[in-house]
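Next come the chains, spelled out residue by residue.
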Amino acid sequence: MVVSRRRLLALSAGAAAAGGLGLAGCGSQRSLGAKDEITLWTWDRSVSDKLVGAAETKGIPGAEGLRLSRTNIGGNYNTKVRTTLAGKSSVPDIIAINWDVATYFPNQDEFVDLNDFGAAELKNRYLDWKWKQCVTPEGKMIAFPMDTGPTALFYRTDLLKDAGVSTDPAELAEQVPDWDAYLAFGRRLQKSRRNTVLFPHLQNVWETRLGQLPARYMTEDGEYVGGRDEIREVFELGERVLKDGLSAGVVQDSTDQYGLITSGRQPAAIGAVWWGQLAPESAAPKTKGKWRVTAPPGGAANVGGSFLAITRYSKNPEAAYKFITWLQSPENQSSAYDEMSLFPSSPRSFELPPMRKPAPFYGGQRTVDVFGKSAEQVKTAFISPYDRMLHTVFFAGMASLEAGKSVARAWKDVQDKAERELTREGAI
Amino acid sequence: MLGHTVLMLGVVITVFPFYWMFVMASNTTADIFSYPPKLVPGSHLWENMSKVLDKTDFWGSMALTIVAATGTTILVLLIDSLAAFAFAKYDFPARNVLFAIVLATFMIPMQLALVPQFVTLAWLGWVGSLKALILPGAANAFGIFWMRQYAKGAIADELIHAAKVDGAGFFRQWWTVGLPVLRPGLAFLGIFTFFTIWNDYLWPLIVMTDPGKLPLQVAVQQLNGIYTTDQSMVIAGALMSVIPLIGVFLIGARHFIANLAAGAMKF
Amino acid sequence: MAVTESVQGSAGERRRATAGKELDGSRPLPGWRRYWPMYAAVSPFFFLFAVFGVFPVGYSIYLSFMSWDGIGDMKGVGWENYAYLLTDGDFWQSITNTLIIWVLSTVPMIFLALVIAYALHTTVRFKAFYRVAYFMPNITSIVAMTLVLGSVFSNSSGLLNNMLRAISAGEVGWLSDPWAMKVAVAAITTWRWVGYNAIICLAGLQAISSDIYEAARVDGANNRQTFFRITIPMLRPVILFVAITSTIGGLQLFTEPQVLFPDAAGNVGGPGGEATTIVLYLYQQAFIFNRFGYGAAIGWALFILIAVFSVINWRLIGGRDELAADKRKGKRRAR
Numbered sequence: 013m014v015v016s017r018r019r020l021l022a023l024s025a026g027a028a029a030a031g032g033l034g035l036a037g038c039g040s041q042r043s044l045g046a047k048d049e050i051t052l053w054t055w056d057r058s059v060s061d062k063l064v065g066a067a068e069t070k071g072i073p074g075a076e077g078l079r080l081s082r083t084n085i086g087g088n089y090n091t092k093v094r095t096t097l098a099g100k101s102s103v104p105d106i107i108a109i110n111w112d113v114a115t116y117f118p119n120q121d122e123f124v125d126l127n128d129f130g131a132a133e134l135k136n137r138y139l140d141w142k143w144k145q146c147v148t149p150e151g152k153m154i155a156f157p158m159d160t161g162p163t164a165l166f167y168r169t170d171l172l173k174d175a176g177v178s179t180d181p182a183e184l185a186e187q188v189p190d191w192d193a194y195l196a197f198g199r200r201l202q203k204s205r206r207n208t209v210l211f212p213h214l215q216n217v218w219e220t221r222l223g224q225l226p227a228r229y230m231t232e233d234g235e236y237v238g239g240r241d242e243i244r245e246v247f248e249l250g251e252r253v254l255k256d257g258l259s260a261g262v263v264q265d266s267t268d269q270y271g272l273i274t275s276g277r278q279p280a281a282i283g284a285v286w287w288g289q290l291a292p293e294s295a296a297p298k299t300k301g302k303w304r305v306t307a308p309p310g311g312a313a314n315v316g317g318s319f320l321a322i323t324r325y326s327k328n329p330e331a332a333y334k335f336i337t338w339l340q341s342p343e344n345q346s347s348a349y350d351e352m353s354l355f356p357s358s359p360r361s362f363e364l365p366p367m368r369k370p371a372p373f374y375g376g377q378r379t380v381d382v383f384g385k386s387a388e389q390v391k392t393a394f395i396s397p398y399d400r401m402l403h404t405v406f407f408a409g410m411a412s413l414e415a416g417k418s419v420a421r422a423w424k425d426v427q428d429k430a431e432r433e434l435t436r437e438g439a440i
Numbered sequence: 015m016l017g018h019t020v021l022m023l024g025v026v027i028t029v030f031p032f033y034w035m036f037v038m039a040s041n042t043t044a045d046i047f048s049y050p051p052k053l054v055p056g057s058h059l060w061e062n063m064s065k066v067l068d069k070t071d072f073w074g075s076m077a078l079t080i081v082a083a084t085g086t087t088i089l090v091l092l093i094d095s096l097a098a099f100a101f102a103k104y105d106f107p108a109r110n111v112l113f114a115i116v117l118a119t120f121m122i123p124m125q126l127a128l129v130p131q132f133v134t135l136a137w138l139g140w141v142g143s144l145k146a147l148i149l150p151g152a153a154n155a156f157g158i159f160w161m162r163q164y165a166k167g168a169i170a171d172e173l174i175h176a177a178k179v180d181g182a183g184f185f186r187q188w189w190t191v192g193l194p195v196l197r198p199g200l201a202f203l204g205i206f207t208f209f210t211i212w213n214d215y216l217w218p219l220i221v222m223t224d225p226g227k228l229p230l231q232v233a234v235q236q237l238n239g240i241y242t243t244d245q246s247m248v249i250a251g252a253l254m255s256v257i258p259l260i261g262v263f264l265i266g267a268r269h270f271i272a273n274l275a276a277g278a279m280k281f
Numbered sequence: 612m613a614v615t616e617s618v619q620g621s622a623g624e625r626r627r628a629t630a631g632k633e634l635d636g637s638r639p640l641p642g643w644r645r646y647w648p649m650y651a652a653v654s655p656f657f658f659l660f661a662v663f664g665v666f667p668v669g670y671s672i673y674l675s676f677m678s679w680d681g682i683g684d685m686k687g688v689g690w691e692n693y694a695y696l697l698t699d700g701d702f703w704q705s706i707t708n709t710l711i712i713w714v715l716s717t718v719p720m721i722f723l724a725l726v727i728a729y730a731l732h733t734t735v736r737f738k739a740f741y742r743v744a745y746f747m748p749n750i751t752s753i754v755a756m757t758l759v760l761g762s763v764f765s766n767s768s769g770l771l772n773n774m775l776r777a778i779s780a781g782e783v784g785w786l787s788d789p790w791a792m793k794v795a796v797a798a799i800t801t802w803r804w805v806g807y808n809a810i811i812c813l814a815g816l817q818a819i820s821s822d823i824y825e826a827a828r829v830d831g832a833n834n835r836q837t838f839f840r841i842t843i844p845m846l847r848p849v850i851l852f853v854a855i856t857s858t859i860g861g862l863q864l865f866t867e868p869q870v871l872f873p874d875a876a877g878n879v880g881g882p883g884g885e886a887t888t889i890v891l892y893l894y895q896q897a898f899i900f901n902r903f904g905y906g907a908a909i910g911w912a913l914f915i916l917i918a919v920f921s922v923i924n925w926r927l928i929g930g931r932d933e934l935a936a937d938k939r940k941g942k943r944r945a946r
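Protein chains in written order, with the numbering used here: chain A, 13 to 440; chain B, 15 to 281; chain C, 612 to 946.
Bear in mind the hints are in silico, worked out from the structure with no lab data behind them.
Please note that a few of the clues may not be correct.
[To be verified] Capping the alpha-carbon separation at 25 Å, the derived lysine to aspartate or glutamate pairs in DMTMM-like fashion look like this:
| no. | chain 1 | residue 1 | chain 2 | residue 2 |
| --- | --- | --- | --- | --- |
| 1 | B | Lys-65 | A | Glu-133 |
| 2 | A | Lys-429 | C | Asp-680 |
| 3 | B | Lys-65 | A | Glu-351 |
| 4 | A | Lys-417 | C | Asp-680 |
| 5 | B | Lys-52 | A | Glu-437 |
| 6 | A | Lys-152 | C | Asp-680 |
| 7 | B | Lys-69 | A | Asp-170 |
| 8 | A | Lys-255 | C | Asp-699 |
| 9 | A | Lys-300 | B | Asp-71 |
| 10 | A | Lys-300 | A | Glu-133 |
| 11 | B | Lys-69 | A | Glu-49 |
| 12 | B | Lys-69 | A | Glu-133 |
| 13 | A | Lys-47 | B | Asp-71 |
| 14 | A | Lys-424 | C | Asp-680 |
| 15 | A | Lys-334 | A | Glu-133 |
[To be verified] If you want the footprint, here are the derived chain C segments under chain B, 3+ residues with CB under 8 Å:
| no. | segment |
| --- | --- |
| 16 | 781-789 |
| 17 | 830-839 |
Where a beta carbon is used, it is the ideal one built from N, C-alpha and C, also for glycine.
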């Protein structure tokens, strides 16, 4: 390695020049992307790739001369969005927001009010509860409905057949109506394959069961209700799952979680509609045609589902609004379901042809019949600005149960922690 | 013989993860997860690598990382060699106090200032920009300390005198006397800085918010975050991110290791 | 050690430099005209340091008394962040985790580094190859290698558990069992740093004068005796250097646990947060939960912890000055 003085000087001159250009060029760009670009941040599989791709290449319908530029963000999406808002640089025009849109309510000034663009006209197109989640207590509409997450029981017919269990959707739904039956179903599957599980980890039990309850952590009046018996029973349910060896105890969101599907160790799952894309269709493509869906044990629920919001940094909020409403029109929502299993938040899409197509991955089953029914029966619980934080606390509690804590201990720790955090946030 | 046996065993353990990285990157995800797992390289390397190129702006990340690492390295070499030359070879009021401050900055863990540094950059409007990657890393106290130790031993007083007699000022002395002698030390500090910036993770993870401008480390971690289910592709990305580094290292390895050891002995 | 030695050294030099100027015979220039180039030479560092070091550190004191999500308005909360910190079980857990991982990695690392260094010292052939091979892990990116090793440690489909199963030894919850998780993180750290430290130890071994061994041999000492009576004591300063650097590095551990245990809905450091280190906890609080003020307070706690450990280290070294001086003498003689 030789560093000659001449080279050092030449390089530094170059670096200084480049630095100077950089300083002059992009001193402090608040909004991300070029002038004719509307930038959109999403996570993988949150929006239709086809429609977004069309807006990227052909331009945004209704906004002449403007193109879309979409980026998939990995890792913790929420962290990335918030860090960017705090950094006040390169903020995209539109961001996708997950189920926890309420956590952005305290920062509502960061977003434009969609009512300013006439969003109210479209209200009757969308599910009422979904629409309500977009509006802050002050009446500002900071987000627009995207997909919802009705749940179903997913199962692999070949593995169920080996265990001598009925594989007909209607029959199975009848045989496995509730959680007791579901655990018995799991034990039966274990007789043909010893290490069979029904859950990757207890957090999954938590998430699925919580969605089936009529209330979550807080009431609309700001009262904490995460300590009620109904919730404690989920911890006891978790203990039973452990006792039966029906949880694999893998790390949440790790590769192992999907390895369970690939290897067939987990032959069934209660999952939201998007789970099908995420897990079997991508982790076990070879099992195509062997999967079916049916009504979930324990009742219908909504898990996940997302929103789109326009930031106050947007170069052209009007065009951004046009894009959002176009992307989420009933027609486009129904084709997004066909393409990406994104379940519409607009009931009008349910009857459109793309949604009625048989799904080859599910052996030609018309899956909308199952999810549509589930969507109708969903109990919609209030989601508070503290739900994400509380979700983290309760997830940790379920994980500690899995790691060997007793129900009593895990429960007490979770309640203490929840109260402590809520007090600190000034919520109670 | 025993020595070689121990050493070879150690080498096998040390090198194994590199081999395994190659095995994973060249098989399909299903092969990796199946039982028994594939233990030998497969034939899907190009397929996995092209998936990485397809789904991420890999070359953009690579270019950004090279520019950031090179930019920081040059700045560090300039700033540190100048300061070290002055500290080692000249006397000026408050020199010792200033040098003590340089040493004291060793004590401050970068993480202490993590949050306020981010806020500072947000005020400057630099979050997500190349400047955020380069400038904070250019204040390198270790480099000054190390170069000063090096300069003290390497630059003979007589040379500086001779230059002075010829009428050269401070900067000319630095240029004609200091730099040529400091060259091996600079080469080491340069590679060291380059590797450090290349491999830096926590700071870019926080400050590089623009997804179109992700340095390699963050890009690879994001790849894992987005495509968790396709491990062979993720590992192919990891492989691609370390190949240039290993290349640079193998070229300069001897020199680098020798200097590193010598540097440690100076403490 | 570094500090005392260099400050003492500079006093000696000042005499030399001043003496040199007198020899010149040139008349001294007035103050600033003579000195400005030196100040100009050291100023870029101080400028950058002021902007990216002094100011943020000062500002973090202010921030630590605030409640702020980084986006909305700041609110002064007095000592609340610190009060919360002291009673925050997760924070204390992160300290315990960090220290356990540090011990689990540093002890085997120093031992293995010494063994490898000694083996390298006594072998003649392939030395260059060995040195490069052992050093490789240290220069390759932690993120990439942690991803690879993460798949080796993976509970259900990882190579390690597959091997254990093949020999019917059951499986270990590398990514879920509280202790095994720490072992996994420590193993990755050890893998990365053993070679580096072995090279440092090797340099220390090579600096020991052969005269001393010669003398010992004349006195009839056997290999074992020379190793424990001469090699290890003479290596003490080097071992301490290794210990200091791995202490500072160990207390700031972040990347390995962060990549190995991807953030699951805000929970970091794997199940039960058993692999959450202090810096990872700071990251979680400040950047996942957006508690900038609390993050600043954790930063100060980390600072105090590192300061305490540094003082302990300096104490330990204080008594070794003589040895260090001996070592240097030995080096000079060897040349």
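**Violations among the numbered hints, reported as their numbers in ascending order** = Violated hints (numbers, rising): 1, 4, 5, 7, 8, 9, 10, 12, 14, 16, 17; every other hint is consistent with the structure.
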